[in-house]
Amino acid sequence: MENNKKTSDILYVLNITARLVAVCAVIALLVATVNYFTAPVIERNNAEATRLAIEELFGQGVTYTDLETSDEKISLDTVYSVNLGESFLGYCAKLSPTGFKGKVDLLVAFDGQGFVKNVKVTATNDETADIGTKVKDVSFTDKFIGLPEGKKSASEYVISGATKTSKPVSQAILDATDKIGALISLEESEGTANE
Amino acid sequence: MNKLKNFFMSGMFTENPTFVQLLGMCPTLAITTSAANGLGMGITVICVLTLSNFLISLLRKFIPSQVRIASYIVIISGVVTAIQLLIKAYLPSLDKSLGLFIPLIVVNCIILARAEAFASKNTLINSVLDGVFMGLGFTFALTLLGIIRELLGKGTVFGFDILLRFGYTPILTFITPAGAFITLGCLIAAVVAIRNKISEKKTKEVQE
Chain A
304 MENNKKTSDI LYVLNITARL VAVCAVIALL VATVNYFTAP VIERNNAEAT
354 RLAIEELFGQ GVTYTDLETS DEKISLDTVY SVNLGESFLG YCAKLSPTGF
404 KGKVDLLVAF DGQGFVKNVK VTATNDETAD IGTKVKDVSF TDKFIGLPEG
454 KKSASEYVIS GATKTSKPVS QAILDATDKI GALISLEESE GTANE
Chain B
367 MNKLKNFFMS GMFTENPTFV QLLGMCPTLA ITTSAANGLG MGITVICVLT
417 LSNFLISLLR KFIPSQVRIA SYIVIISGVV TAIQLLIKAY LPSLDKSLGL
467 FIPLIVVNCI ILARAEAFAS KNTLINSVLD GVFMGLGFTF ALTLLGIIRE
517 LLGKGTVFGF DILLRFGYTP ILTFITPAGA FITLGCLIAA VVAIRNKISE
567 KKTKEVQE
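As they're listed, the protein sequences go chains A and B.
Remember, our numbering sits 303 above the position in the first sequence when you count from 1.
Remember, our numbering sits 366 above the position in the second sequence when you count from 1.
One should not assume that every hint holds.
What the hints assert, rightly or not - Derived pair list, reagent style DSSO-like, types lysine-lysine, alpha-carbon separation capped at 30 Å: (1) K427/B to K404/A; (2) K454/B to K439/A; (3) K308/A to K568/B; (4) K454/B to K423/A; (5) K397/A to K454/B; (6) K437/A to K420/A; (7) K462/B to K420/A; (8) K437/A to K462/B; (9) K454/B to K437/A; (10) K427/B to K439/A; (11) K397/A to K462/B; (12) K406/A to K427/B.
No wet-lab data here; the hints were simulated from the structure.
Input sequences plus hints: build the corresponding full structure.
This is the structure:
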């Protein structure tokens, strides 16, 4: 009698578990199907957005290559080498510092000697409208042009009333100038060694 | 026709999820910094609510009551993930505006509340209609809130200059969380006053 009850309980639990697993499997299949069709489109959108942003910084018709730097001294989210035809134009660093509520995405353009040519904030994501989003203004981004010449601490570049967003962004750009400088030194020493 | 009218009145006015049921307050307050954001979020919620109600109603006899909440959460999160991928692929500008609040739709009380209170106990068509009209009510509330906040906080509506040309100085408080609470509170007070008047009028008619 007791054994029958135990078996019945086990079957009852297995029945419920099996149904829950079936529901999960159906939903997983739905999501996988949607992902199969949308993943290539999303990747194309991201690549197109990056291309447009880099063209805005360096000019139309440029090509760029992801350097995939692994050296610890120059680890950046992503660094592109930018060319116009055969001519080397400089580097473009893709940064994503954490602001007040989330990531702030930006591109920093460097010339061949490692000086900042331009800065473009591509997405402020969840930052407060008209407060944290002020980091997109030209009056803020233009402060960094020419760095590392005349480099100051991050606090000197912040936007009053929006420090929680502008300070991490400033720090990220200042750190990027150091790392691009290290990248250029590394490439020059590798070039000297090959000679 | 009567059925459609009942669903419409319920979703938009008598059981409006924002002004009457006070559900989904987090995205309501956070996303309505502009009319376009409110409308975009509302349309996304209509899609999620309709699809999740459809699936839950379809599976209502298959899902055991002991694991119904877990099943509903799996279904809702799957639907939200699928819709988020579709938005990222085909409406990237909307994805940028709504950001983190699309995945947060999973824990929006409206979705789970309608799943538990309606879709799990009603037929497929009725559940779909409930999802559509509750979503419409939510969209109406968010868009109205977004219009007021954007008008007073930026002087524009859907990005079009309405007040700035008259020398209006935007009151930035209305696009901050404090402004969201103030505006929502005033709208809820207005809705309660209207409902009370209608209720008084009905009571008088019955007495006569």
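To see whether the hints hold, each was checked on the structure:
no., hint, in the structure
1, K427/B to K404/A, "violated, 42 Å"
2, K454/B to K439/A, "holds, 22 Å"
3, K308/A to K568/B, "violated, 58 Å"
4, K454/B to K423/A, "holds, 22 Å"
5, K397/A to K454/B, "holds, 20 Å"
6, K437/A to K420/A, "holds, 20 Å"
7, K462/B to K420/A, "holds, 27 Å"
8, K437/A to K462/B, "holds, 16 Å"
9, K454/B to K437/A, "holds, 25 Å"
10, K427/B to K439/A, "violated, 53 Å"
11, K397/A to K462/B, "holds, 18 Å"
12, K406/A to K427/B, "violated, 43 Å"
In the structure shown, a violation is registered for the earlier hints numbered 1, 3, 10 and 12, in ascending order.
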